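S.K.: If you read the sequences in order, they're chains A and B.
Going left to right, the first sequence walks through residues 1 to 414 as the numbering used here numbers them.
Going left to right, the second sequence walks through residues 1 to 414 as the numbering used here numbers them.
A hint or two may mislead.
[Stated by the list, open to error] Straight-line distance between alpha carbons at most 20 Å, and here's what the computed EDC-like set of lysine to aspartate or glutamate pairs gives: (1) A/K20 - A/E87; (2) A/K60 - B/E87; (3) A/K20 - B/D271.
Simulated from the structure, these hints should not be mistaken for laboratory data.
Remember, it's a predicted structure, so these values are computed and weren't measured experimentally.
There are 2 protein chains.
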Amino acid sequence: MSLIVQKFGGTSVGTVDRLKRVAQRVARTRSEGHDVVVVVSAMGHATDQLVELMGQITLKAPGREVDMLLSTGEQVSIALVAAALGELGVSARSMLGFQAGIETEKAHTRAAIRTIETARLRGLLAEGVIPVVAGFQGITADGEVTTLGRGGSDTTAVALAAALSADICDIYTDVEGVYTTDPRIVPEARLLREISYEEMLELASLGAKVLHPRSVEYARWKNLVLRVRSSFSDHPGTVVKGVDQLEILNPVNGVTADLNQAKLAVLGVPDQPGVAARLFANLAERGINVDVISQSVHGGHLTNDVAFTVAFDDMGPAREICEALAAEIGAMGVVADGTVAKVSIVGAGMINHPGTAAQMFEALGGAGINIQMISTSEIKVSCVIDRARALEAIAVVHRRFALDKEQQPVVLSR
Amino acid sequence: MSLIVQKFGGTSVGTVDRLKRVAQRVARTRSEGHDVVVVVSAMGHATDQLVELMGQITLKAPGREVDMLLSTGEQVSIALVAAALGELGVSARSMLGFQAGIETEKAHTRAAIRTIETARLRGLLAEGVIPVVAGFQGITADGEVTTLGRGGSDTTAVALAAALSADICDIYTDVEGVYTTDPRIVPEARLLREISYEEMLELASLGAKVLHPRSVEYARWKNLVLRVRSSFSDHPGTVVKGVDQLEILNPVNGVTADLNQAKLAVLGVPDQPGVAARLFANLAERGINVDVISQSVHGGHLTNDVAFTVAFDDMGPAREICEALAAEIGAMGVVADGTVAKVSIVGAGMINHPGTAAQMFEALGGAGINIQMISTSEIKVSCVIDRARALEAIAVVHRRFALDKEQQPVVLSR
Numbered sequence: 001m002s003l004i005v006q007k008f009g010g011t012s013v014g015t016v017d018r019l020k021r022v023a024q025r026v027a028r029t030r031s032e033g034h035d036v037v038v039v040v041s042a043m044g045h046a047t048d049q050l051v052e053l054m055g056q057i058t059l060k061a062p063g064r065e066v067d068m069l070l071s072t073g074e075q076v077s078i079a080l081v082a083a084a085l086g087e088l089g090v091s092a093r094s095m096l097g098f099q100a101g102i103e104t105e106k107a108h109t110r111a112a113i114r115t116i117e118t119a120r121l122r123g124l125l126a127e128g129v130i131p132v133v134a135g136f137q138g139i140t141a142d143g144e145v146t147t148l149g150r151g152g153s154d155t156t157a158v159a160l161a162a163a164l165s166a167d168i169c170d171i172y173t174d175v176e177g178v179y180t181t182d183p184r185i186v187p188e189a190r191l192l193r194e195i196s197y198e199e200m201l202e203l204a205s206l207g208a209k210v211l212h213p214r215s216v217e218y219a220r221w222k223n224l225v226l227r228v229r230s231s232f233s234d235h236p237g238t239v240v241k242g243v244d245q246l247e248i249l250n251p252v253n254g255v256t257a258d259l260n261q262a263k264l265a266v267l268g269v270p271d272q273p274g275v276a277a278r279l280f281a282n283l284a285e286r287g288i289n290v291d292v293i294s295q296s297v298h299g300g301h302l303t304n305d306v307a308f309t310v311a312f313d314d315m316g317p318a319r320e321i322c323e324a325l326a327a328e329i330g331a332m333g334v335v336a337d338g339t340v341a342k343v344s345i346v347g348a349g350m351i352n353h354p355g356t357a358a359q360m361f362e363a364l365g366g367a368g369i370n371i372q373m374i375s376t377s378e379i380k381v382s383c384v385i386d387r388a389r390a391l392e393a394i395a396v397v398h399r400r401f402a403l404d405k406e407q408q409p410v411v412l413s414r
Numbered sequence: 001m002s003l004i005v006q007k008f009g010g011t012s013v014g015t016v017d018r019l020k021r022v023a024q025r026v027a028r029t030r031s032e033g034h035d036v037v038v039v040v041s042a043m044g045h046a047t048d049q050l051v052e053l054m055g056q057i058t059l060k061a062p063g064r065e066v067d068m069l070l071s072t073g074e075q076v077s078i079a080l081v082a083a084a085l086g087e088l089g090v091s092a093r094s095m096l097g098f099q100a101g102i103e104t105e106k107a108h109t110r111a112a113i114r115t116i117e118t119a120r121l122r123g124l125l126a127e128g129v130i131p132v133v134a135g136f137q138g139i140t141a142d143g144e145v146t147t148l149g150r151g152g153s154d155t156t157a158v159a160l161a162a163a164l165s166a167d168i169c170d171i172y173t174d175v176e177g178v179y180t181t182d183p184r185i186v187p188e189a190r191l192l193r194e195i196s197y198e199e200m201l202e203l204a205s206l207g208a209k210v211l212h213p214r215s216v217e218y219a220r221w222k223n224l225v226l227r228v229r230s231s232f233s234d235h236p237g238t239v240v241k242g243v244d245q246l247e248i249l250n251p252v253n254g255v256t257a258d259l260n261q262a263k264l265a266v267l268g269v270p271d272q273p274g275v276a277a278r279l280f281a282n283l284a285e286r287g288i289n290v291d292v293i294s295q296s297v298h299g300g301h302l303t304n305d306v307a308f309t310v311a312f313d314d315m316g317p318a319r320e321i322c323e324a325l326a327a328e329i330g331a332m333g334v335v336a337d338g339t340v341a342k343v344s345i346v347g348a349g350m351i352n353h354p355g356t357a358a359q360m361f362e363a364l365g366g367a368g369i370n371i372q373m374i375s376t377s378e379i380k381v382s383c384v385i386d387r388a389r390a391l392e393a394i395a396v397v398h399r400r401f402a403l404d405k406e407q408q409p410v411v412l413s414r
């Protein structure tokens with residue numbers, strides 16, 4: 001008998017029929033002899049509708065009232081799921097964040113979980129009752145309702161699974177698992193059986209919306225096995241676990257593109273120490289995240305070009321900051337380009353396969369796609385290219401690494 | 001400076017625009033220098049929609065889950081009203097039942113309030129913050145969300161006003177106050193300036209849906225002045241207070257009809273002690289409320305007829321119980337009549353005006369309306385008549401007592 005945390009997202013409980021099917025799935029897991037803790041999100045677009053409602057009242061709602069409002073979405077879901085389980089003859093009880101012992105810091109709309117007091121949940125499990133916990137919400141030590149921000153229900157599920165030492169945390173969603181790339185772009189995209197936390201984190205931060213990075217980081221920290229699967233099928237989905245526990249370690253497990261990018265360059269920066277540091281400090285002060293950075297030296301001129309990418313929405317403010325600094329330090333000028341995208345390959349096995357990056361550059365070059373900037377990490381290679389060719393680039397790279405075919409297990413050399 | 005509790009019903013917060021107007025009204029009261037505690041219901045038909053949603057899941061939802069679900073309706077309202085007040089520059093904070101210190105007994109869907117710990121609300125008031133409290137909900141000592149049943153938000157408002165020793169409790173609704181009768185039936189119906197708790201209770205139990213009887217009883221117990229008024233106008237509304245504090249004591253303050261009645265009669269009951277008691281005990285066991293009762297003796301036969309009224313929906317089961325008992329005791333038979341209504345006059349001044357009942361009988365008789373049963377209390381006279389003539393009866397009686405005209409203050413003789 002295992003203890004399984006099952007988390008169902010908004011699409012999985014989007015209608016009464018789907019919600020009933022969620023109850024059936026939970027009941028089946030229970031009847032297989034497992035202890036189950038259920039975590040649910042708000043039904044379908046309920047949260048968006050509440051946000052829209054608040055927007056009609058005020059555009060500067062206090063975070064406290066936003067949390068008070070949005071937390072009702074999950075409250076509706078837990079009551080209905082618990083009742084649906086009851087209808088199937090399964091003993092279940094809905095649990096608000098505070099009832100499930102989820103204490104957060106005192107920060108509204110994006111609170112971090114501080115502690116989980118599991119006594120009550122453990123008591124229910126011991127009685128054979130399935131707790132149905134509201135995702136996305138918690139309570140501060142002084143009794144204020146908080147929410148956990150984007151991906152909050154995933155975080156709730158993972159944190160509960162860790163606190164309860166669950167054997168596995170299933171994240172049910174509307175896709176069958178994690179793919180080598182977006183199947184809407186590349187039809188041959190393959191569903192991965194396994195992926196490491198690290199790869200999942202890179203994929204998530206690169207825009208794959210399956211799991212929120214925070215929950216993956218948390219699972220990695222606690223060494224908790226996650227399973228991403230569809231609530232609409234019985235497919236086993238994708239297991240997310242530690243890189244050391246992976247059976248197969250392909251050099252590349254996924255290709256993805258971030259279309260929400262803009263490139264900025266400060267040209268002819270005098271070659272003085274600390275100039276780049278000032279630029280990035282100024283950007284950070286304005287809350288602008290910088291992604292890929294490259295610096296190129298012009299031989300003989302004693303100046304260089306500093307280029308970097310930011311989220312497309314930050315292009316305007318980033319350009320202002322660059323221009324102010326360029327004027328101050330006597331740089332030649334600033335170029336802003338809102339027509340770029342970042343295409344990346346991710347793979348925990350890359351470290352054992354020298355030349356993986358070169359294969360990607362070749363694939364892109366062979367298709368006549370110009371690489372404007374490059375950034376690499378141990379398990380990732382990113383290329384900034386013309387946005388118009390991003391989808392083509394994904395397909396080309398996917399084919400180059402034959403990601404549609406599962407590769408043989410690799411023996412780790414380290 | 002007074003402390004005023006203002007309660008707004010579902011219609012008053014039924015749309016975003018109405019909800020903003022509620023905030024404006026609260027802000028105005030605040031700007032007049034009063035301390036205000038706001039209590040709100042769920043928006044419009046939100047509660048009905050949630051009930052409907054649960055009905056699609058199961059027809060036997062546990063009370064706990066029903067409360068978990070329904071309490072979200074008020075939670076949405078308080079967040080929006082608090083945010084709307086903020087938008088007007090007024091400091092406000094939404095309060096769930098548990099945050100407002102409302103502890104109830106451990107009974108779901110119809111919990112009674114046990115205590116209100118007012119420290120937090122008093123703290124907010126002392127800081128100049130308006131608490132916006134969720135009506136209809138509370139929490140048990142062990143942290144379970146409960147709801148207070150029908151008219152629950154009125155109960156919340158009245159209980160809070162009493163606990164905070166508020167100067168007045170305003171119940172904002174979609175009518176201008178309490179009328180002498182339903183203005184849709186009798187256009188000359190007059191809005192009452194004042195009415196006693198006792199009269200209000202009789203009117204409420206007779207079907208006037210302005211205030212829930214439980215909240216009126218509570219206000220009477222605590223001697224708390226209520227004011228029923230419209231959230232859509234500035235009309236002062238109707239003040240509900242102790243009979244001793246009333247300025248005007250009309251013999252009759254209202255006429256009302258209960259159309260949801262059925263009459264049953266057990267005929268030829270042997271004149272033995274305890275037979276009627278057994279009948280009513282059997283009815284009570286099945287949860288059937290008996291209203292008007294009359295017993296008539298047949299001279300010389302040593303039998304009598306026992307007649308009574310019940311809610312129309314209870315006619316079937318009541319008939320079964322009567323027939324079982326009639327067979328057992330050898331009564332002549334049972335008659336059930338589902339075509340009756342009860343017309344009543346209510347007036348705290350009746351006690352000082354002998355002959356008020358006779359005037360009502362004359363009025364009905366003069367219109368050719370036959371009186372089938374009569375029941376009286378200190379402040380009420382009810383007549384059971386043919387349902388088809390109920391609305392006509394209301395108009396006739398309203399005219400007979402000239403209820404469209406406000407009468408002069410009466411000096412109490414007691």
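S.K.: Determine for every hint whether it applies to the structure shown.
M.R.: Tested hints:
In summary, the hint linking A/K20 to A/E87 is supported, as the alpha carbons are separated by about 9 Å, within the 20 Å threshold. For the hint linking A/K60 to B/E87, the alpha-carbon distance of about 8 Å falls within 20 Å, and the restraint holds. Using a Cα cut-off of 20 Å, the hinted pair A/K20 and B/D271 is violated, with the two alpha carbons roughly 59 Å apart.
Of the numbered hints listed earlier, the single one contradicted by the structure is hint 3.
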